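Undergrad: Just so you know, the sequences run in chain order C, V and A.
If you count by our numbering, then the first sequence holds residues 1 to 755, one letter each, in order.
If you count by our numbering, then the second sequence holds residues 1 to 167, one letter each, in order.
If you count by our numbering, then the third sequence holds residues 1 to 467, one letter each, in order.
If you're looking for bench data, these hints aren't it; they were derived computationally from the structure.
All values reported here derive from a predicted model rather than from experimental measurement.
Glycine included, every Cβ here is placed at the ideal spot set by N, Cα and C.
Treat each hint with caution, since some may be false.
[As the list claims (entries may be wrong)] According to the in silico footprint, chain A covers these stretches of chain V (three or more CB under 8 Å from chain A): (1) 34-44; (2) 60-70; (3) 97-108.
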Amino acid sequence: MRRDSPLLLSRRSVLFGTGALVLSFSGRGLAQTVTAPGDETQNFQAVPEPAPDLPGSLKTNPDLDSWIRIAPDGRVTVFTGKAELGQGIRTALLQVAAEELEAPFEALSLVGPDTSASPNEGFTAGSHSVQDSGTAIRNAAAQVRDILIGEAARRWTLPVENLRAEAGAVIAPDGQRATYGELVSAELIEVRAQPNSRLKDPNSFREMGRPRPRIDIPRKVTGGEAYVQDMRPEGMVHGRIVRPPSPGARLVSVDTAGVEAMPGVLKVVRDGSFLGLVAQKEWQAIKAMWALSAAARWEERQTLPDATNLPAVLMAMPREDAEVVREGTPAPGSVKTIEARFTRPYQLHASIGPSCAIGVLENGTTTVWTHSQGVYPLRQAIAEMLRVPPEEVRCVHQEGSGCYGHNAADDVAADAALLAQALPRRPVRVQWMREQEHAWEPFSPGMVTEVRAGLDANGNVTDWTYGVWSNTHNSRPGGAPALLAAQHLATPFPPKPAKVQITKEGNGDRNSNPLYAFPSRDVTWHFLPDMPLRVSALRGLGAYMNVVSIECFMDELAAAADADPVEYRLRHLQDPRARDVVNLAARRFGWRPKMSLPKHHGVGFAFARYKNLAAYCAVAMEVEVEPSSGRVRMVRASTAVDAGEVVNPDGIANQVQGGILQSASWTLYEAVTFDPTRVTSVDWSTYPILRFDALPDTIDVEIIPRPGEAFLGAGECSQGPGGAALANAIMAATGQRIRDLPLTRERIRAAVGEG
Amino acid sequence: MVALTVNGTRHEIEAEPDTPLLYVLRDECHLHGAKYGCGLGQCGACTVIVGGEAVLSCVTPLLLLENKEVTTVEGLGTIEQPGPMQQAFIEEQAAQCGYCIPGMMMRAQALLGRNPAATDGEIRAHMEPNLCRCGTHMRIMAAIRRAGELMQTSGRAASADAPQRAG
Amino acid sequence: MRIARFLIIVVAMGLVGLGGFVAYAWESEIDPIDPPQRTAFDPALVKHGADLAAVGNCNVCHTAPGGKVFAGGLALPTPFGTIYATNITPDPETGIGRWSEEAFVRSMREGVDREGNHLYPAFPYDHFTRVTDEDNRALYAYLMTREPVRAETPANELPFPIDQRMVLAGWKLLFFDEGVYEADTAQSQTWNRGAYLAEGLGHCGACHSPRNALGAVRTDAHYAGGESEGWTAYALNADSPAPIPWDVDALTHYLHTGWETRHGVARGPMAPVTQNLGVLPDTEARAIATYVASVMREPTPEKRQRAEALLAAETAHPPGVQVQSAGSQTAPVLPADAQRGAAIYAAACSSCHDAGRPLPYGGLRLDHSTAMYGPTPANPINVILNGLPAPEGERGPIMPGFAGSLDDGQIVDLLAYLRSTFSDRPPWEDPGPLVARLREAGVEAGVYALDSGSAAPANPSKQETTW
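Please construct the entire structure, taking both the sequences and the accompanying hints into account.
TA: So, in structure tokens, the structure goes:
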């Protein structure tokens with residue numbers, strides 16, 4: 001058996017301590033993490049790391065039993081601080097645990113995130129879930145498995161080397177068998193994790209690397225209670241909030257008497273400009289909300305920037321310049337300089353299901369069921385808002401509609417917590433209305449990028465200068481001031497000013513440093529501290545816009561060099577894994593220099609390594625553009641991904657395909673609109689997104705297997721390359737480069753020029 | 001009081017007659033398959049079937065439904081015995097967050113109920129009103145195609161069975 | 001019935017003398033040419049032609065659903081049978097690639113194709129005959145520089161003797177008034193520009209004037225209202241049923257953007273017309289509006305009074321007053337003793353239509369809706385059944401259709417309530433059969449998505465699905 005290979009055993013030493021079994025392994029750290037929870041910008045300095053020498057999230061939670069517990073009947077509970085957001089993480093984490101623990105997948109269940117039960121892993125963000133939680137669970141599972149083997153060895157007085165674990169039991173050479181349930185005791189795994197684990201050889205995997213069907217899907221397609229929106233705790237009532245008509249508005253007066261008399265209305269709550277109500281039934285709550293909205297008088301102010309000229313507004317804002325990277329010296333022989341500016345408006349997360357939470361105040365504790373990405377930071381923020389100690393707040397994760405980053409999940413949790421205070425012991429379910437979700441979620445900020453490069457006589461880059469103008473893409477953890485309701489209270493928590501920070505994984509500057517091997521580079525984040533519109537993290541933070549800018553510009557450079565876009569990229573790429581995905585995507589697509597295509601068709605290519613340290617992704621896409629209308633139809637796309645060690649390949653393919661279509665929607669259609677006072681994109685009529693008629697015929701995804709390599713987060717790897725490949729294909733189809741997103745029909749038609 | 005049939009079960013609903021079917025299903029029948037997405041009839045998350053047609057339950061008041069037959073995703077099968085549409089979505093793993101999926105399934109069911117051999121073009125045109133934000137569209141398309149195949153196979157099986165039962 | 005009458009006319013023609021008629025009807029073939037090079041045309045002329053083609057709405061008929069623009073193939077149902085729009089791309093075999101400019105001008109002016117065949121007046125040459133040679137040259141330049149698309153036009157499905165094109169010569173003899181538009185020197189330049197566009201390329205009368213039994217536009221009932229694809233095209237003359245009378249500004253806005261705040265959103269076959277006009281400078285829309293407003297004339301004192309009353313009622317509930325991000329809808333108020341139609345309106349319609357959210361995204365106050373005052377309920381039926389589908393990737397109004405949730409009887413009750421509540425007109429004659437027919441027609445009934453945020457035309461070939 002490979003798992004008992006002499007090589008492994010010879011490197012291993014087993015130490016018996018007092019009472020507890022402590023194992024230590026040297027060398028063979030097969031899939032050690034390349035990142036830590038705290039590396040993710042949104043978790044930066046937010047999660048304490050008491051054990052920085054341990055892999056993954058063991059850094060933050062080093063005790064084995066905070067990850068894995070085994071009941072006497074052999075049932076295994078795995079704990080995670082990472083939330084299911086539709087990315088399939090629960091299935092993947094259980095696959096990891098089942099693999100290393102040598103337990104049947106079916107015997108495992110997953111708990112968390114829950115501030116009363118699961119480890120604190122900060123936010124579920126930045127494609128870190130498998131990297132952080134997966135790495136922690138994998139190592140914890142391996143260590144628990146070996147502890148149980150050690151326990152069996154102790155009981156049977158046999159050398160551990162002679163024992164093996166299989167299907168939830170330890171087995172001796174003579175066939176003697178002890179289940180984990182028989183072997184386990186609480187003290188046994190109440191131990192601190194070790195830096196190194198005896199991880200399984202990828203060749204012996206039976207669970208990881210296999211496309212296991214997701215555990216959550218059957219419930220979701222049969223009408224089971226799958227989301228916080230579907231929960232119905234005993235005695236539940238329905239809350240709704242009347243939000244101000246505009247960001248600068250203040251509630252002057254409201255006559256609540258009429259609404260209080262409406263059928264089913266239990267309570268109207270007003271605190272400053274925070275206005276809400278609770279009713280028996282949901283439809284009663286909605287009708288009461290409309291009536292309350294009509295009864296409220298607001299004072300509005302013009303606080304929003306000039307939407308018609310947004311790029312100029314952004315570039316004229318006060319700013320702090322932060323150096324992202326400055327290295328190398330320009331190569332000699334530059335014969336020409338090319339530059340370009342790209343712009344992107346504010347964009348939305350735009351969940352299909354408006355945000356929802358259930359709050360209940362019982363026995364002095366406020367419990368909130370929430371689809372927040374970070375239950376621990378949320379608990380902190382709500383406690384601060386309620387002015388109670390954090391121990392009096394519990395946040396339990398329950399799935400919601402996909403959030404794609406920091407949407408209104410935390411805000412609605414705060415709303416539910418506030419309304420719950422007014423009606424103790426009654427669980428209050430609050431769901432935002434469509435208009436509220438569109439107008440009040442934190443937006444992804446508008447951005448401008450400028451890029452300049454020198455080319456030598458062969459068309460190679462001699463120097464590279466890049467700047468990105470942007471707000472922060474992250475307003476958490478922000479405590480109470482980050483919660484919308486808290487900003488509206490009579491004693492408000494005003495929003496905190498944002499500070500520029502250059503971090504390993506980036507923020508607005510994420511992926512602003514290209515992976516290409518240029519002789520010199522100078523990358524600056526022109527950080528904009530003023531936030532006239534509330535902003536925070538949308539999938540990928542600045543990566544989408546930075547990758548689109550860089551990859552569109554690479555095509556412009558290739559054109560100036562009279563080179564094929566794929567060859568031109570390969571010329572400047574040294575990282576062999578990057579070259580592999582570029583070559584593979586091109587091969588799958590059937591990419592050829594100067595491909596012959598039907599009229600008005602075009603092909604585009606793009607590549608990026610997410611955050612320059614997570615998954616590699618290359619996308620090739622063909623589009624057709626109808627010049628008379630400017631309408632774009634995607635025809636087909638081919639994608640190659642290197643996500644390191646793969647847990648669930650089908651899950652990665654699903655995420656990558658989804659990312660391409662989501663970023664196609666951003667690229668072609670999406671812009672938050674506003675007048676000087678109000679946000680005016682408040683529904684799908686005014687903020688259109690991709691529908692079925694724009695679908696390509698195929699999107700194929702090939703994942704390069706990298707057994708034994710570290711996990712590389714893949715959940716957000718395709719948005720940048722997907723959007724850029726689409727933009728490049730449109731350029732190829734029309735001959736016109738449009739540098740202002742979104743690439744609407746109107747802009748394309750104007751650029752093409754009828755006639 | 002309005003009487004309607006949901007998934008074959010007759011309900012006498014005590015609710016205000018302007019209550020949208022969505023809230024009747026969720027609050028009165030405790031069926032959570034239909035989801036609130038916009039309340040404006042713009043996204044399709046609340047789609048159910050009324051008398052064979054896909055209907056947006058968020059804009060369909062109870063008073064229109066006297067004696068009508070409503071089918072929700074719960075009526076297509078159970079987690080133990082999924083129906084062809086559910087089976088197809090599971091087999092194709094056609095969900096990311098999955099919030100839009102019950103609405104997708106019900107709209108697709110209305111089409112395949114009429115024509116299980118619908119072409120890709122017909123499926124796309126028919127699914128146009130329903131929005132997905134995760135970008136699961138390609139798998140949703142695949143699942144609908146597969147559901148059509150499953151229905152045709154089981155349809156043939158059923159019609160092959162029928163004479164035997166009759167005999 | 002109509003066909004029988006047609007046969008009588010054909011027999012009557014026989015009396016005129018077959019020989020003489022054939023001599024009259026015969027048109028010569030114009031020699032084919034080699035398709036001209038793109039470079040043969042002045043780009044400015046091509047651009048001018050593009051604008052004119054937009055006025056002519058050419059793309060809408062000459063593009064099949066899902067097909068290439070101008071490649072033809074769209075089935076046009078007529079009372080006489082189905083006629084297929086032809087391929088007007090410069091494909092030499094299946095399109096107009098071998099047409100000389102002379103042949104093109106003749107087709108526009110006389111309704112005769114290059115080979116000398118008479119064309120069916122589904123191609124509105126009764127209007128296009130007014131187009132100047134100069135503009136025809138520009139249109140020709142535009143069409144001949146489009147992408148040639150090989151697409152065979154399906155054969156028309158017409159009964160004998162209507163399938164005999166020679167018959168059309170008789171039709172022309174009776175109904176066709178050939179000749180370029182002649183300016184009315186008593187009118188302004190803008191008015192004349194508008195009249196030229198509306199009567200010529202714009203062919204407004206093709207839908208907005210009634211037709212006789214032989215499908216000819218009735219010159220005695222100019223703009224008195226007609227129909228198109230299952231929709232009523234409302235009268236544009238003094239009989240305009242609009243409760244808030246149109247004026248030049250309102251018409252201009254409507255034609256240019258596809259909506260107007262007190263008249264509603266263009267839907268049905270009018271939606272693509274406004275989308276096409278939207279790509280032109282609004283001076284063209286204003287010219288057409290100037291002309292059409294003059295045909296409508298100043299509203300009568302009664303109409304003016306009615307409009308003032310409606311506008312006064314509006315101040316109690318002006319558009320936009322409730323619009324907040326907290327809600328673009330309003331709580332329905334259901335009277336306890338409401339009739340079924342009233343109850344349906346309150347429960348299903350009022351939360352948007354009474355919310356005061358401004359157009360184009362909000363629901364129109366129905367007392368402002370021309371449809372409530374119209375001679376037939378076809379348009380409200382189509383909108384109730386199919387709604388306003390979402391335009392692809394563009395901002396635009398969306399209204400859900402109620403075909404699945406309202407049965408015919410419920411729609412009839414709702415229509416009765418709407419008519420009696422939101423207009424001062426007598427009830428529509430039993431709309432039941434029309435509801436059933438339009439439900440049957442479904443998407444065939446010309447349901448077009450309309451975008452509003454951009455002036456771009458939707459893919460004209462794309463008739464959106466119903467909701």
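Undergrad: Against this structure, judge whether each hint is valid.
TA: Hint-by-hint comparison with the structure:
no. : hint   : verdict
1   : 34-44  : holds (count 4)
2   : 60-70  : holds (count 6)
3   : 97-108 : violated (count 0)
Of the numbered hints listed earlier, the single one contradicted by the structure is hint 3.
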